[in-house]
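Colleague: For reference, the chains in residue letters:
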Amino acid sequence: MALPLPPGLTQPEVAFLAEMELVTIVPRQRLESIALLSGSTPPLRPPHRADLPLWLALLLKKQRRANIVPPPWLHPTSLSEIITRETKDNPDAFSDPPPPISRAHPSQPGRARRLAESEAGLSPPFVPSCTAEAPAGYLPYHWLEVAEALLAHAGDDMPVAAGEVRSLLRDLVEVRAAKMRSSTGTLEMFGGGLTSLRGVGAMELAESRGFVLGVVDGVRKLGASAEATRREEEEAGGGQGASDDDESDEDMGL
Amino acid sequence: MDIDDILREVDPTLHEVPQEKRDLQDLTRAWVAERSAPELLNWPSGELFERINDNIKRQIERVEEMTGDMDPKTNFALIVIQTELERFKYLVRSYLRARLAKIDRHALHYLSTDELRARLSDMELAYATRHQALLHNHYLSSFLSSFPPALQNLNDTAGNIAMVDLPDLESAVFIRLLADSMVSGRGVDTDNTFEFQESDIVILRWSDAKPLIESGRAELV
Numbered sequence: 001m002a003l004p005l006p007p008g009l010t011q012p013e014v015a016f017l018a019e020m021e022l023v024t025i026v027p028r029q030r031l032e033s034i035a036l037l038s039g040s041t042p043p044l045r046p047p048h049r050a051d052l053p054l055w056l057a058l059l060l061k062k063q064r065r066a067n068i069v070p071p072p073w074l075h076p077t078s079l080s081e082i083i084t085r086e087t088k089d090n091p092d093a094f095s096d097p098p099p100p101i102s103r104a105h106p107s108q109p110g111r112a113r114r115l116a117e118s119e120a121g122l123s124p125p126f127v128p129s130c131t132a133e134a135p136a137g138y139l140p141y142h143w144l145e146v147a148e149a150l151l152a153h154a155g156d157d158m159p160v161a162a163g164e165v166r167s168l169l170r171d172l173v174e175v176r177a178a179k180m181r182s183s184t185g186t187l188e189m190f191g192g193g194l195t196s197l198r199g200v201g202a203m204e205l206a207e208s209r210g211f212v213l214g215v216v217d218g219v220r221k222l223g224a225s226a227e228a229t230r231r232e233e234e235e236a237g238g239g240q241g242a243s244d245d246d247e248s249d250e251d252m253g254l
Numbered sequence: 001m002d003i004d005d006i007l008r009e010v011d012p013t014l015h016e017v018p019q020e021k022r023d024l025q026d027l028t029r030a031w032v033a034e035r036s037a038p039e040l041l042n043w044p045s046g047e048l049f050e051r052i053n054d055n056i057k058r059q060i061e062r063v064e065e066m067t068g069d070m071d072p073k074t075n076f077a078l079i080v081i082q083t084e085l086e087r088f089k090y091l092v093r094s095y096l097r098a099r100l101a102k103i104d105r106h107a108l109h110y111l112s113t114d115e116l117r118a119r120l121s122d123m124e125l126a127y128a129t130r131h132q133a134l135l136h137n138h139y140l141s142s143f144l145s146s147f148p149p150a151l152q153n154l155n156d157t158a159g160n161i162a163m164v165d166l167p168d169l170e171s172a173v174f175i176r177l178l179a180d181s182m183v184s185g186r187g188v189d190t191d192n193t194f195e196f197q198e199s200d201i202v203i204l205r206w207s208d209a210k211p212l213i214e215s216g217r218a219e220l221v
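Protein chains in written order, with full-length UniProt numbering: chain Z, 1 to 254; chain C, 1 to 221.
Just chain Z, same shape as in the assembly (with noise of 0.2 Å):
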């Protein structure tokens, strides 16, 4: 009964998650509101496009009742625009994720503004980061999924031909697979407690969890028995008065 699986999203779970992810769709027949768990579908009325989740808009796709638009940031334009900056602006970090969420302002059209604390609760998948309307030039967290699945099943609606998107897409994964396994530099370093990996994506952290995690925690387990002592030190140090706190810092230096 229990869960055998190891702490940590495993990618069949990380690629379940994506698929709440919602797309935007162009349907192809009517199809009116169904009542689901997670609230109402829209009402389907062609030539009116619609946002639902990434598993519904598939399962409409493969019965030819609707067409899926390609998110902005998965076309070609954009893939290379990211690639230029993971390989020449900033080769050493992952690009920026996409901006926090604003909508336009309903009373003056073209000002967006950050959301409500209500709703910014929200985090991926329910972000809607894969829709028509999401900002290109930026990868979302569950961009590698996203872009595969709609490449596997809707193809065809991709605004060239799928083969260019694929090759792009490749060259991004080996880009950002090579710093994700620079980073172990970092790691290394990890004598600080705290790594950023601002960017990175849901399948790429699945990817080298257990290694990642590994190399931190092994980390830390060498470096208890020194870690233990530094504490105790600092402990010493601050009764004794802030005059210390130089000579201290020193000796870590060294």
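Derived pair list, reagent style EDC-like, types lysine to aspartate or glutamate, alpha-carbon separation capped at 16 Å:
1) Z:K221 to C:E170
2) C:K73 to Z:E32
3) Z:K221 to C:D189
4) C:K89 to Z:E13
5) Z:K62 to Z:D156
6) C:K21 to Z:E19
7) Z:K221 to C:D168
8) Z:K179 to Z:D96
These aren't lab readings, by the way, just hints derived from the structure by calculation. Owing to the predicted nature of the structure, the values given are computational and were not obtained by experimental measurement.
Fit chain C to the known structure of chain Z by using the hints.
Modeller: Positioned in the frame of chain Z, the structure of chain C alone reads:
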């Protein structure tokens, strides 16, 4: 204050996320957190599970009613409803199983103090207590009874070594920040505090991440 704030005051539900979507977000977050955290987390408050279980039950009843209908239009709706139902059931099941795995591994630990017991739901508490009692009886009848009485306990702390296994609260986790905040982490060489932005992914020790998660400023990924 702009027009949106005024509208919100008049009608607080104006831009609110519907309850169903919020529940799904909460359930998903709870599942991911339980799958990633090294220790058992609190049973979700606010009757989240009662609500979700009721909804699932009601949806199953609807499916049973609809299966009698052979109209092709409702037929497709039925497929969609059943697919979604399975997805929900998978989430709930995987969440409960992840919790069971942790309870099984450290049953004595989670039963040891009232504070830890409060993390378990009523059913989980009943399960853990009963399971532990059966296990202890089994040990007693198969070998413990031939030990001297002083050595028959399962939770001795003699010789400075506790027999009760603890989850490793210092193991590293990945978190995503839900709001800009200061994060402090303890490391082997130094302790650091940095300012991180919303949607940053950070690796740190679970014991340092826990206050952030509990205050809702971050989530496990």
